[in-house]
Amino acid sequence: LNLEKNLVILKLYNFTNENDDESSENILNSNNFIDVEIDITISAFANARKLFSTKKLAKIKEIKTISIQEKVLEKVEEQTSKSLDKQKLKKSLSTIRKIHWFE
85 LNLEKNLVIL KLYNFTNEND DESSENILNS NNFIDVEIDI TISAFANARK
135 LFSTKKLAKI KEIKTISIQE KVLEKVEEQT SKSLDKQKLK KSLSTIRKIH
185 WFE
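Note that this note's numbering has the sequence shown beginning at 85, numbered continuously upward.
One thing to keep in mind: the hints can contain errors.
Taking lysine-lysine and the PhoX-like style, the derived pairs with C-alpha atoms no more than 25 Å apart in a straight line are [stated by the list, open to error]:
no., residue 1, residue 2
1, Lys140, Lys155
2, Lys145, Lys159
3, Lys134, Lys155
Each pair of labels, with its calculated beta carbon distance range [stated by the list, open to error]:
no., residue 1, residue 2, range
4, Lys139, Glu88, 42 to 50 Å
5, Val160, Val120, 34 to 42 Å
6, Lys143, Leu87, 42 to 50 Å
7, Ser167, Lys145, 54 to 62 Å
8, Leu87, Glu161, 52 to 60 Å
9, Arg133, Val156, 21 to 29 Å
10, Glu162, Val120, 15 to 23 Å
11, Ser151, Asn115, 36 to 44 Å
12, Lys174, Lys139, 36 to 44 Å
13, Val160, Asn90, 34 to 42 Å
14, Lys145, Thr125, 51 to 59 Å
15, Ser167, Asn116, 41 to 49 Å
16, Leu87, Val156, 41 to 49 Å
None of these hints come from the bench; they were simulated from the model.
Glycine is no exception: its CB is placed at the ideal position from the N, C-alpha and C atoms.
Model the full structure from these sequences, guided by the hints.
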């Protein structure tokens, strides 16, 4: 309870990770709780909208991060394959070329 900022923090069970086998005792002992900040100066609808909009933005950021990560990994794989090809080419050129006595 934070009355200076007009906030109430509720600890709610995270139902997205729900297992059907969990009994009420296991739910109380588990760590599947999330802290939800409720602003007492605004309505329940506004609190819900704020909560779900931040959740939606976090999900969008996660999706973007994963897609960018995949693109970066593909680029790194391409660059490493190119550098390996260059090294193989240099090795093959050095073995093909005959070394003369004056070198």
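Tested hints:
no. : hint                        : in the structure
1   : Lys140 - Lys155             : holds, 23 Å
2   : Lys145 - Lys159             : holds, 21 Å
3   : Lys134 - Lys155             : violated, 32 Å
4   : Lys139 - Glu88: 42 to 50 Å  : violated, 26 Å
5   : Val160 - Val120: 34 to 42 Å : holds, 39 Å
6   : Lys143 - Leu87: 42 to 50 Å  : violated, 32 Å
7   : Ser167 - Lys145: 54 to 62 Å : violated, 32 Å
8   : Leu87 - Glu161: 52 to 60 Å  : holds, 55 Å
9   : Arg133 - Val156: 21 to 29 Å : violated, 34 Å
10  : Glu162 - Val120: 15 to 23 Å : violated, 44 Å
11  : Ser151 - Asn115: 36 to 44 Å : violated, 30 Å
12  : Lys174 - Lys139: 36 to 44 Å : violated, 53 Å
13  : Val160 - Asn90: 34 to 42 Å  : violated, 48 Å
14  : Lys145 - Thr125: 51 to 59 Å : violated, 28 Å
15  : Ser167 - Asn116: 41 to 49 Å : holds, 46 Å
16  : Leu87 - Val156: 41 to 49 Å  : holds, 46 Å
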